[in-house]
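Number of protein chains: 2
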Amino acid sequence: MRVVECVPNFSEGRRPEVIEAIVAEAKGVPGVTVLDVNPDHDHNRVVVTFIGEPEAVSEAAFRCCRKASELIDLNVHQGEHPRMGATDVIPFVPLGEMTMEECVELANRLGQRIAKELGIPVYLYERAARRPERRNLADVRRGEFEGIRDTIHLPERQPDFGEARIHPTAGATAVGARPPLIAFNVNLDTDDLKLAKSIAKKVRESTGGFKAVKALGVMLGERNLAQVSMNMVDYTVTGLLPVYEAIKAYAAEAGVGIVGSEIVGLLPLQALLDVAIQALQVEAFDLSQILESHLRSE
Amino acid sequence: MRVVECVPNFSEGRRPEVIEAIVAEAKGVPGVTVLDVNPDHDHNRVVVTFIGEPEAVSEAAFRCCRKASELIDLNVHQGEHPRMGATDVIPFVPLGEMTMEECVELANRLGQRIAKELGIPVYLYERAARRPERRNLADVRRGEFEGIRDTIHLPERQPDFGEARIHPTAGATAVGARPPLIAFNVNLDTDDLKLAKSIAKKVRESTGGFKAVKALGVMLGERNLAQVSMNMVDYTVTGLLPVYEAIKAYAAEAGVGIVGSEIVGLLPLQALLDVAIQALQVEAFDLSQILESHLRSE
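Residue numbers (the working numbering), protein chains in the order written: chain V, 883 to 1180; chain S, 883 to 1180.
Among these hints, one or two may not hold up.
Quick partial rundown of chain V residues pointing at chain S, CB under 8 Å, derived from the structure [unchecked claim]:
hint, residue
1, Val-885
2, Val-919
3, Leu-977
4, Gly-978
5, Glu-979
6, Glu-999
7, Ile-1034
8, Val-1138
9, Gly-1142
10, Gly-1147
11, Leu-1148
12, Leu-1155
13, Ala-1158
14, Gln-1163
15, Leu-1173
It should be emphasised that the hints constitute simulated quantities derived from the structure, not laboratory data.
The structure presented is a predicted model; accordingly, all values stated were derived computationally and were not measured.
For glycine and all other residues, C-beta sits at the position ideal for the given N, C-alpha and C.
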């Protein structure tokens, strides 16, 4: 099944009626399921998660973007989170048999449509980026709405779709493709925060550990346990099992056991199947071996 | 999603047109997907596998049974495999959110219908058995068609549904519920068949090992590897991971590694999810955390 997750961020975290109006657009598209609506008052921003078949999801993203451009004015928007548009960012995430390349293609088509039909300039980012310096969203968004308004005419700020002038109220939007994020935490059988921090340092990419892993050592106050708290930013590069096993081994070196682990929120099925296949050393496995994969979807 | 697998066995493995006519009945029920048709000439028997929602699967099983009763005459049937009916056995297997209890209920309703509408006496077996001595299919089928014809009037051979006389051509049918079978093999990095046999002995239930595990030591001729070949008859009692890890540890005691493992044929998704959850020690996991679980099924 070709399935896409879309996690658009809109620059509104305080007016429930605006958030509801935007989310209603996604819910109105047949075949789209809204999984989560997560507004943040301080950030003045809402993160919406929906899934479905690619064309339906893209249509839902477009309609949400159009509604946000009608209801949100960046000139009067304030919040702690950096932002450049009423619809700030639209990432597509491949699930099931959908490929990253198909998500990049989807991002291109949606970006073009937003620019053409809504007059909002669009930057392609992450896996959809056409220029290496646009892979990182923070670089694309540098200067935010106000700064981009003043610099968009410069060659290096030229949007990928649309004219080189910002939408007067809806700003600019980044559209892209990325792997799913997985929030994965491992709880150590100790209250030694230093140990969690030192293990986090060993496993995270930024300090020489596993690729595509971000990690911090934190305390779980209620349980008085030290935790290695992670964002797995591309489970196809580094899966959950090798990181879990490394943490277990590092903890064992310090004479500490593992209490358990937590998967926070959603993750794609394949990330768990990968763990099972690796844990059992299955030599050749095909998704069609899963009984439920043969259920007719309609 | 409530999903059932059904794996009926029919007493025909030689006449393709009869097999096709029976399978066509299952394919004709909307929502039923036929996954496998596996005829055996020597056994003169065919094993058919289909899945779908419970009512659709039960309807498909009924129609197949009716067609088999029209086309197969047990009086002239010969084959190596023991058999008592044109439709010999109909097991329901719970998948997804379906429970064993619901499968037992489904077996009861189908058994009643077969007896009433087709005049075929039905025995409930395995998890659907109403008498402990009918749990084991081999006991239910003792004497086969010819023997049951002569003894069905005895109290202990009384069918669970239908009158105490065999159908003159279609015999009797066993309807039941059971967990899914998983064929799971672990390949040792050695040609030492004795080691595989001794490990099989340690892990199988019949010689004091894991509950619900059957195991043999065999040689993989082509690869010249010794293999522990298993049937996991109830993965909810003993999952794949503890058995794999035990085999790995027993092999290591003999200085032998694991080359890899094989899952032969189909298995339910939950069996793999259990492996992943155990391998990562996930403390609390809910199926709704899997992104794809939220896809609308229609």
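Next item in the hint list is V/Gln-1163. Is there a CB on chain S closer than 8 Å to its CB? V/Gln-1163 check passes; min Cβ-Cβ to chain S is 5 Å, inside 8 Å.
Verify the interface restraint on V/Glu-979: the C-beta must sit less than 8 Å from at least one C-beta of chain S. violated, 11 Å
Do the numbers back the hint for V/Val-919, that is, is its least Cβ distance to chain S under 8 Å? violated, 14 Å
Please check whether V/Leu-1148 passes as an interface residue: C-beta within 8 Å of a C-beta belonging to chain S. holds, 5 Å
Hint check: is the beta carbon of V/Leu-977 less than 8 Å from a beta carbon of chain S? holds, 6 Å
Report holds or violated for the interface hint on V/Ile-1034, using the least CB-CB distance to chain S and a cut-off of 8 Å. Violated, about 35 Å.
Can the hint on V/Leu-1173 be confirmed by a CB-to-CB distance to chain S that is less than 8 Å? holds, 5 Å
Using 8 Å as the Cβ threshold, decide whether V/Gly-1142 counts as touching chain S. holds, 4 Å
Report holds or violated for the interface hint on V/Val-1138, using the least CB-CB distance to chain S and a cut-off of 8 Å. Given a least distance of 14 Å, the restraint on V/Val-1138 is violated.
With chain S as the partner, please determine if V/Ala-1158 meets the hint condition of a C-beta pair closer than 8 Å. holds, 4 Å
Hold the hint about V/Glu-999 up to the distance rule: shortest CB distance to chain S must be less than 8 Å. violated, 27 Å
Hint check: is the beta carbon of V/Val-885 less than 8 Å from a beta carbon of chain S? Status holds, d = 6 Å.
Hints 2, 5, 6, 7, 8 from the earlier list are contradicted by this structure; the remaining hints agree with it.
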